[in-house]
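Let's have the full structure, built from the sequences with the hints guiding it.
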Amino acid sequence: MNMKKNLLLGIMLFLTTAFAFAQKRVVTGTVISGDDKKPLAGVSVRVKGTATGVSTNVDGRYSIEIPENAAALTFTYIGFKNQETTIAKRNTIDVTLIPDVQALSEFVVTSFNNQSKREITGAIASVKGTVFQDLPMQSFDRAMQGRVAGVQVTSTSGQPGGNLTVRVRGVGSINAGNDPLYIVDGVQVASGGLSGQASQNALGSINPNDIESIEVLKDAAAAAIYGAQAANGVVLITTKKGSKGKSKLRVSVQEGVVNAINLYDVMDSKELATIKQAAFVNAGLPVANAIATYGNPADPNLLNTDWVDALYRTGRLSMYDVSLSGGDEKTTFFTSFSHNKQDGQIIMSDYARTTGRLNVTHNPNKKLTVTTNLSLSYQNSFGSIDRGNFVNSPFVAGFEARRNVPIYNADGSFAAYPSNHLFGYNIVQGVNQELRIGKTVQTVSNLQLNYKFTPWLSLNSYAGIDFSDNKDENSRPSTIPAFSSYGGAATYTDRRNTNYNTNHNFNVNKTFGSHTINGILGVEYKGAESEAQTATGRGFANPTLRYLNNAATPFSVGGSFTEFKRAGIFSQAKYEYSDKYTAEVTFRRDGHSRFGEKKRWGNFGAASLGWRISSESFMKNLTWLDNLRLRASYGVTGNSDIDNFASRNLVGSSGQYLGGGGLSFSQLGNDLLTWEEAETFNFGLDWSVFNGRLTGTVDAWRKNSKSLLFGTPLVIDSGFGSITRNTGLVRNQGIDFDFQSVNVLAGKFKWTTNFNISFLNNELMELYDGLQRIGNTLIVGKPISFFYSQEFLGVNPANGRNMYADANGNYTYIVADAGLRYIGKTIPTSFGGFANNFTYGPVSLDVFFQYQFGNLAFNQDLYNLAMSGATPGNQLRSQLDYWKQPGDITNTARPYEGGQEPGTSSLQTGSTRLISDGSYIRLKQVTLNYTLPQTLMKKFGMTQGSFFVQGLNLLTFTKYNGIDPEANSLGSTYGSYPNARQVALGLNLTF
Amino acid sequence: MKNLFKIVLLFGGITVLSACSDDLLDTQPRQSLTPEVALADVPGYQALLNSAYGKLRNFSYYGQQMIIAPDVMADNLRIIANTGRYIGQESNADRAHIGLWYTAFWTGINEVNVIIAGVDAAAGADADKAQIKAQALFLRALFYHDLAKVYGYEPGKEVGGWNKAVILRTTPTLGFSDADFRERATNAEVYTQIEKDLQAAIAILPVGSIGSSGIYKATKGAAQALLARVYLYAGRNSDAATMATNAMTSFGLTDTGTGLLTTTNYITAFSTAPNPESLFELEQRSVDWSSVDGVNNSVSSLVSNVGTSAQFILTATDDLISKYESGDVRRTAWVTTTRTGASGNVYNNEKWKGHKGDFLQNIAILRGSELYLIRAEARYKLANEAGAIADLNALRSKRGLANLSSTLTGTDLFNKIMDERRVEFALEGHRWFDLKRNGMTITKGAGFTAVPYTDYRILAPIPQAELQLNSKLVNNPNYK
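Each protein sequence line maps, in turn, to chains L and W. Just so you know, we're using our numbering here: the first sequence kicks off at 868 and counts up by one. Just so you know, we're using our numbering here: the second sequence kicks off at 399 and counts up by one.
Read the hints as simulated data drawn from the structure, not as lab findings. Hints are all accurate, no fakes.
Here are a few chain L residues that sit away from chain W, every Cβ distance over 12 Å (derived from the structure): (1) G901; (2) N1045; (3) T1239.
Covered stretches of chain L (chain W as the covering partner; in silico rule of three or more C-beta atoms under 8 Å from a C-beta of chain W): (4) 1421-1431; (5) 1509-1518; (6) 1760-1770.
Note that beta-carbon positions come from the ideal geometry of N, C-alpha and C, so glycine has one too.
Right, here's the structure in full:
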């Protein structure tokens, strides 16, 4: 306290002295933007060479007292070039600030400290929160899609709030996880799904509007400090902080609609009855049987139920978002509240989320900073059976259901579906009456203390937690015939995930003349625990009863527990000379409970160099060149993303017999199991020319993933399918291009472009023991994910049979294993995004495309829907083109009931007939924004305000033979939940 | 503030120190055990045995495939609703066969191998250990006989001299090095091992009572019955007849058929747990199934119209129905009904009614009547036609049929034995194997072509992934 008083006294003395010697006067003026000629609020105005300064107000006005001898004023504002104006005798100085499109001095959040983008030597890509602010997306990973070179984001489910697949620089691991490490304000959060009833994204607990920026650490130099788990890249999310000054209230409201981007064109009942008659006749079955099931095509009154229409809808989407931020000298805060509700394109399917956040930074004194970020979210999803050939999936049964069957009885009750198809399950009844609810409460919160011993040495102490509690409910009421025999069933599942990490590190940062040294030394500890309990009850006296206490029979129970722990020591040293040369070394040692007792610890590290060529004297003459910098890095990071107990011999529960519990060897252990390693090389070039009009980054990289945590197959006659070993080598290599330009800057009109594309090559280099292939799934010299199938040669015009290539390339009707061949890869060759912004005065238009090329996609829906009428369900209308008589040229075989014509392979044989090019270009986002007039905003005390209309997934250009090439680009594709089109109107206001 | 600073330093210091210790990384897979803990004593081995019994209920084994496929691949069943299931088996399409070469099946074999190799050293009473081991031997014999009859020819019935059966593992896989690549053993080697295991089991297992809950586990009589079956398959007819007699003695079945089901309880027996004629029966409980397994996967759902949601995709062929003589109680297992979209005669099966609820019931794997049929066939092949007829008559007398004419002889008698088997075990998974082991053509109904015994489709294909992984493994002939 004494010190404080002295300080205050000192300041007062100084001011008094100043009053005594200086004459002063007042200068006023307005600062406007050279861009749109609008006033700029918050511009820092200073008297050159002094600490005296003020900020402009909402109207861009300022008033500053200056000493009589002051020569000039400096105006600084983020995103604009600094400007210096001589004062002379003027009392009014109006200034127009020129936008600084270069924005090179932008800060990037790196690992345990922040770095200027200018000095980074690793490959880091950054997305600012403003880019995805107010987009109707429930999770930030979605916002990264197409915005970051080298990062492939795939939305594999259209369930609102659903999971995504994110791959940073290819797929390196065969069996271990390929997900990047997500770190939200320092908390290492678990990604993946939270619920078993709906795809519910664990990253959805963070409101994207709370995010200041996302950084993706792509190479070892950037990520090695996270050693463990960093092999798949690191995604750092930083939420917004308050800043001192007037409190800002931001309100954003949005309402819109959701609907299907595409549907299958299926036959009407008459068309299906026709093809089925042909199938029955060809198979030697009585036509009467076809008529009994499918109706008579000659019947003018044949019922033509629209199952698809009954299942799909135009849903509603609503987003409400409020945030307040501000602070004073000692404390700054950011707090927000949001509510988001979005319907799916399928009836019943929906998602609601409510989030709250409080970020506070407090400086009790000059040396100590306390920061806490608290968040709480509630997600409530109503799911839909997504992926899989299930009769209760609307994405399967909706298209397959026979249209000569009614949905409803005359009295309005649900009609029974014929038992010889879809297990007699009326899909519209099922979707309406089965409950699939997943509710999750989650917090991602932390507390951080920073103590500055001296201006160059500080200690950071950090603890964070990611906790989620999920409750799932699945109710199958007895009103649905399939569940009536046991009086309906209800299953409840509770899952609790606790995931914490803490780190403590010393930071050094000192400059001696032209030399700057940075250093970090720290420790980290992380633990995670997951528990689940599940219980099923059966026999409900009334179908509206759904809780377990209403169940007559406590049917079954289940549970699970798992945990892991990880500890590490890390250090980093960086040296910079005169903004020209940078060198950085990182070392980390990590131990993980997942590995064999003697093999738990692994060493990781990286080294990198940066050379700013443009600062060399021989480049000085190139005035058009703003910046040219070469970066090089090499490093090794680790991957430990396998089952928590994968190294151990395990004996687990195995059902019961005669009431006695069973035990079985569930896993063959390997006590030599240790870290998977990714060795990364990166060469990068950052450049900027013509005063920032064109800027870009090119990174060429190679990542060798080795000692893979590989579930190597065992001969199954051993009783085990596989054992996890450290073996194999996968190489990913590519080039990431990132390019930004200001194409036109003319008066009120501005056109900017952001473009990125990555070229990727993935190859399996080695397996183990000299093995060249594992079955038809892994082959040395090929990518690690591909299609290996029969080659379809078309339909023989002579007899209408499907022809396939045999081992010698000749046609055959009966496929053999020998005819299976490599068809192509599922991993794209290139992917990226293309964003354009057009601004004219208050109106701006964003047009954003996202794309991927070079991958094949397998559409399993065609097994049901494109089988020449051989299957019992409805068919695509394209199947009407079936072979009818010798000479017909078609790709749709002769119909044959059951599809198993003697002397042929089944019509359902997997072949290239079901595989098509999965490349696509998608118009991902269009936003038209209108900034409210100054006069109007002023009237309501606003500093910012705009009105917008935006659409997502508006157009798709593809040759893919299914509904959504994006959702179907990965995994099993039966009945996947396609992405939806969203169109919304919104308003955002800042006071 | 100074206190706060100290706390921070202390916290950091503790973490630094403790990070260097491995204790920080200790975790426990609380829901699993290590083999050392699990198999320290008799209860651990009993639990392993329970798991091995449970393997029988897999839907790819007796839970469904081993019951349905042998009848639909032969001439007993036809498809009346196209759900895609068994379509290939009905027309004996290339590779549409029975597949037992899957991981869980071999896990069962490994479980019994672990028991047989290790139970003697476990803590516990010797008598308990001996019983557990004997049951494991019985299961190993059953597992291997089922593999041998699906993937190989019976000894002496080879086509083109092809005598490979399956990989024979009699020692446990406890570590990586145990999972070595092996060749398929010959059918003779596999049969020798089966005989050895059953003989050892017979010596130890207790005598069980037919149709009692005791036969939910392996008994002496069940092992004898299985061995009689194995001998018959191997063409060792004299041993088969003797062993069938031994089994009948164990279960108190007389030469005249006393102890078998009668016309009054034949049909209800299949909806009784245990079946009063069971020699070895798999007990099933609702917890063994997920909530949709009943409708999705049960035999009952596939062959009957019990409940509104049954799939009911299969029914008896007219050929099978024609084999029932007038007055045969077994004919009542097929009740005339209708099926939308199915023409011809449609029958609902009364053996598989899912009497335990939600399509659930036990599965009889060995029944008493088989002993009479084994002995009849063995005696016929030993040229004891009178003995054969006596055994057939003993069974027929309990099924509501008159004695056969004593003049029945030669091929006619043999065909009668085959027909008697066919109607007795309709929808119990015998037909394909009965034709195959006798080297007979697989006859088919209208619209399908017969499969001669010399056709490659008599043997099942080995999974291609295994062939690619294990260079010592060869596929059956003519699978391309």
